[in-house]
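Line by line, the protein sequences are chains A and B. Under UniProt numbering, think of the first position of the first sequence as 1, with each following residue one higher. Under UniProt numbering, think of the first position of the second sequence as 1, with each following residue one higher.
Just so you know, the hints here were simulated from the structure itself, not pulled from any lab data. Backbone N, C-alpha and C fix where the C-beta goes; we use that ideal spot for every residue, glycine too. Keep in mind that the hints are not guaranteed to be accurate.
Here chain B is said to cover these stretches of chain A; the calculated rule only asks that three of the stretch's residues, wherever they fall, bring their Cβ under 8 angstroms from a Cβ of chain B [said to hold, decoys possible]:
| id | stretch |
| --- | --- |
| 1 | 120 to 126 |
| 2 | 192 to 205 |
| 3 | 424 to 435 |
Among the chain B residues that face chain A by a calculated CB cut under 10 angstroms, a handful are [what the hints assert, rightly or not]:
| id | residue |
| --- | --- |
| 4 | 100 |
| 5 | 114 |
| 6 | 183 |
| 7 | 221 |
| 8 | 289 |
| 9 | 293 |
| 10 | 356 |
| 11 | 368 |
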Amino acid sequence: MIGGLFIYNHKGEVLISRVYRDDIGRNAVDAFRVNVIHARQQVRSPVTNIARTSFFHVKRSNIWLAAVTKQNVNAAMVFEFLYKMCDVMTAYFGKISEENIKNNFVLIYELLDEILDFGYPQNSETGALKTFITQQGIKGQHQTKEEQSQITSQVTGQIGWRREGIKYRRNELFLDVLESVNLLMSPQGQVLSAHVSGRVVMKSYLSGMPECKFGMNDKIVIDKQGKGGTTDEPGKSGKQSIAIDDCTFHQCVRLSKFDSERSISFIPPDGEYELMRYRTTKDIILPFRVIPLVREVGRTKLEVKVVIKSNFKPSLLAQKIEVRIPTPLNTSGVQVICMKGKAKYKASENAIVWKIKRMAGMKESQISAEIELLPTNDKKKWARPPISMNFEVPFAPSGLKVRYLKVFESKLNYSDHDVIKWVRYIGRSGIYETRC
Amino acid sequence: MTDSKYFTTTKKGEIFELKAELNSDKKEKKKEAVKKVIASMTVGKDVSALFPDVVNCMQTDNLELKKLVYLYLMNYAKSQPDMAIMAVNTFVKDCEDLNPLIRALAVRTMGCIRVDKITEYLCEPLRKCLKDEDPYVRKTAAVCVAKLHDINAQLVEDQGFLDTLKDLISDSNPMVVANAVAALSEIAESHPNSNLLDLNPQTINKLLTALNECTEWGQIFILDCLASYLPRDDRESQSICERVTPRLSHANSAVVLSAVKVLMKFMEMLPKDLDYYGTLLKKLAPPLVTLLSAEPELQYVALRNINLIVQKRPEILKHEMKVFFVKYNDPIYVKLEKLDIMIRLASQANIAQVLAELKEYATEVDVDFVRKAVRAIGRCAIKVEQSAERCVSTLLDLIQTKVNYVVQEAIVVIKDIFRKYPNKYESVIATLCENLDSLDEPEARAAMIWIVGEYAERIDNADELLESFLEGFHDESTQVQLQLLTAIVKLFLKKPTETQELVQQVLSLATQDSDNPDLRDRGYIYWRLLSTDPVAAKEVVLAEKPLISEETDLIEPTLLEELICHIGTLASVYHKPPSAFVEGSRGVQHKRLPPRAGSGESTESPDVGQSGPSEAPPAVIPSQGDLLGDLLNLDLAPPTATVPSVQPSMQMGAMDLLGGGLDSLMGDESDTLGGDIGGSPSMGAGLGAAPAAMPASLGGAPAVGGGLGDLFDLGGGVGMPTGSYVAPKTVWLLAMKAKGLEISGTFARRGGIIQMDLSLTNKAMSVMTDFAIQFNRNSFGLAPAGPLQVLTPLSPNQTIDVSLPLSTSGPVMKMEPLNNLQVAVKNNIDVFYFSCQYPLSLLFVEDGKMDRQVFLATWKDIPNDNEAQFQIKDIHLNSDVASNKLQGSNIFTIAKRTVEGQDMLYQSVKLTNGIWVLAEMRIQTGNPNYTLSIKCRAPEVCPFVYQCYELVLKN
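One chain only, chain A, in its complex shape (with noise of 0.2 angstroms):
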């Protein structure tokens, strides 16, 4: 299991360095700082084994936080920690800097003595963890007999990730269906690979432990309705329906339930988490395309056409449209026409950024420009970077609609009919691609 843990700065000063095992000594410290953060390299690999210590390690923002083993521990397993640990972080202080690590470090240590015993990770939860670790450390005298074991209860329990007793005078609850569209186009417009990575987040605001159900336009669930119920309106059910290639769950959702009836539900837990994410990979809509135009003239000169096309609804509004031209390293000068929004060449990063504040559906707009060069001997040719694109539109590219969330609490004296339900689509580019 993981032995240790450290958190350094961008220097490769230790911050936090808390060491669970006998195995891991002092020097593991310095050892990863030496031969990882000091390293001349970039890095090569996530994992680096040094005198048979395994350092694993993960970078936010300028921050490392490395777990350090000599077993043959469950690597997924150490990473999906260290980003947990990252969330704690976040849920507790924000921003993972040095300064809110430095500040916070007397707290950091307790939340490493609490989620990891022995190396192993125990309950994580933020919303279990703020009962008990508050850094008010007197709290722990004045609770009564029962609130300490309703504490417990929790951190152990089934449903470690809510706490009894939530009261809301208004009972809410808010459904984002987030989506990246990604797509890797061949310079004549073949679609080399495309799919939409989506999340349904949810913000909830509910009283008591409420049984949630969630529903959604899933082919297969559809298509089994269809089985057995009417078939009044064939073929209309099919077009609706998405067909999901995989999805996971945020741990409340009864996976069990899911295998055998495909059915979602779960008791939330309270405030804001990430619901479930999903993949899909047919009958995309990409909601754009680039056609690239690439001319070589002479050694000296680049002819560059680049049309966009917006693929959807006209009464829909597309917005923060960026669409990036990647330019030689040897550019000298770049003459930019663009019919809509605002196109500069930035020499700095190597590529002309065009950008859109706003585009309706079914609509094209182009941009040419001509790129000097200055002549080099440099034997290696341009590599051609693909020209990306962002933007973000108010629809599910995926075709995923929420046909349905039904609250039940039977306790409490609210039905699903009082739960005010808010349900927004956003769609945005993954990693957009043409190559040109």
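Dock chain B against the given chain A, drawing on the hints supplied.
Frame of chain A, contents of chain B only:
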């Protein structure tokens, strides 16, 4: 509140000041001081001098302060054992506290203090805590047992904590169960032979129940523990799999990977023809793909594991090539891993896409990545023959870029392509020679020199080129020197007149001026060879080279099995067994996959599982060439036929570990043929009901069964006393269809001559004359070598026997089935047509004995997909008799090996058209059923070769 100020105090006399503050009356000041101490401790300052003062602060109501003091204690108690005793009382008292959080804190901390005297005091509180009413305390106490075991294992055993820990597996609280499982697993690891975990169906059931309820981490502990369980039978295995599969949808990647590990392991036990097996295979792909959308570090772990999974079960991800395409912004470690997997998944179906991608990658920035991409193009050429041409032209394009390292990599891989496809792409040599000057890496230089030497006769200025390398001979690396030496000797043997001087120069450089023993020895060997017998030298130096294998870096099967058992862990990331990087007793225990399904009692005896992998290599032939040693050291003495103890399961178990879908084929095959032969009840039964249809993978030979049936209808064997087996004649042409002419016949191979023995019977009323015969084009170009010698007219009711010699130089056309022969016979009445099937053994030539080395290399080189496996039933011969019998039909045994009562015969057959067929026959003493694996570049002949085996052995 900002704590960062504690990090900044660096004054002298700091310790003294802190001491004063620690002893202050004010609580706040005390706390501040302890914080300062901890901050100093963190940055590595020695604050152990403050030990008594800090410990004095321990007795406090302030939980935060208490935790800080505990943290200090854990760090320094070992260096101050005597003073640490001062803390014992407080710990013991805290273990009785009303607040469960404090009880747990005390027991948790005490376990971390590695001081013997404290450990003694720990036992009683720990015992109480293990039975505490509060689950939080119990789950903490469970881990504490593991801590204590790490300090003093004997104490834990003596105090009976292990039993208490085992009881906790039945605890009502899932987190207590999970921690108990984690603690027990860890303790069990340091006692490899103890039956500590004692997993049985009841405990497994408890674990599976807890799995649904505990935290994500707990699920990982439980799944990792489950993976070490060996289910009793395939049904139990399936029911566990069914309860584990929902975990594949967990948001935590580690839960997913651990679930994958359990499934990959238990799948071994499921019969392949089970519907559920297929379902499970399908279920595994999506979660593995989803792992690739995780954070890059996890992607890396996932990719390293997928690399293993793809080698073990390529079918899972074979359609998912696209998800492994490299993204521009992927970290380099992700890119390199993806590239590896892309090559593994490359096949004829997707090669075009893969190549386009690789070409793209070859223009990227990162040098390592570009090199690997170029190398990958070469590997594609070797792996997918159809793509070789395109790969070569892509490589040539890349050479044109003149980017130094790209050119060098390209030349290294082109050398391999030359070796794989001799005499095909040598036209590009000229282009390669243009880049001679830019090569500065030893590997590329050596490759180029090899090319020049190998094709010296086609390169006009080969001598000049090699001479130019010779100038700086001593500055070259050994690799280049050795290659240069060989290349010049080759050149000399090819163009002796012009290069005598050159060869003398290199020989003297190697033998006289070099300190390198390898180089010197090689130099002397060449020198002596050349001076004593130039002809022999030619044979040695210019010998035909063994073929190179297509999969270069496959993990050796035994290791792969072990790594599959470690999915998700560091071992799977390093691709090394835990013993390679873990010290001490932990991890030394080697894990094994369970024995394959259908092997009846195999789970009862652990030996079967152990012996399985060790028997596996012969069929796979590992790259290390350790088999070579075995083959060369063979004991040629005939084995004594031992009295059989029938153990078919053993053999099957071993076989099935080879994976690769062979065994399902085998099951099907034996069933179908078994039916036709009407022999023993089908072997396939052990594997579950095999479908009756012939598997498609046997190649286009739907009529095999029928053909066989015909041959068997003949009944008893007539056969020739010596040489190859000749089947009795069958009627090929019925009199009623041929106006009274009846033809029956058979085929024979006698002393290297193929003969068609015909009996012509006249059942008509009139005399028949003017016989002639002709064959249609056929698969192996069989054609009459002379006219049909029927010299006298055939009177009514007369029968004439004729022998028609055949040659194999006729026109070739692939027939369906392969061994079909369409014949036309003419007489004075009419022309008649019939078709017959000849046994393939007709075409087995007398010089079909392959060299052992060549055999090894060829076996390795033929893709595993081309391997077919068959069962030959009811043969009561020992391996030597069988081998002699087969030899009579030109099936040559090259080597024999005996492994644990199993004889393995390695055999080769050469067909008249030069196709080599390689076979491995396993004979288990006492088992009348032989297992035959046939590998051939033209896999469609395999079933027919199998027919011959069966015919020969049964007659």
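Hint check results:
no., hint, in the structure
1, 120 to 126, "holds (count 6)"
2, 192 to 205, "holds (count 4)"
3, 424 to 435, "holds (count 3)"
4, 100, "holds (5 angstroms)"
5, 114, "holds (6 angstroms)"
6, 183, "holds (8 angstroms)"
7, 221, "holds (7 angstroms)"
8, 289, "holds (7 angstroms)"
9, 293, "holds (5 angstroms)"
10, 356, "holds (8 angstroms)"
11, 368, "holds (8 angstroms)"
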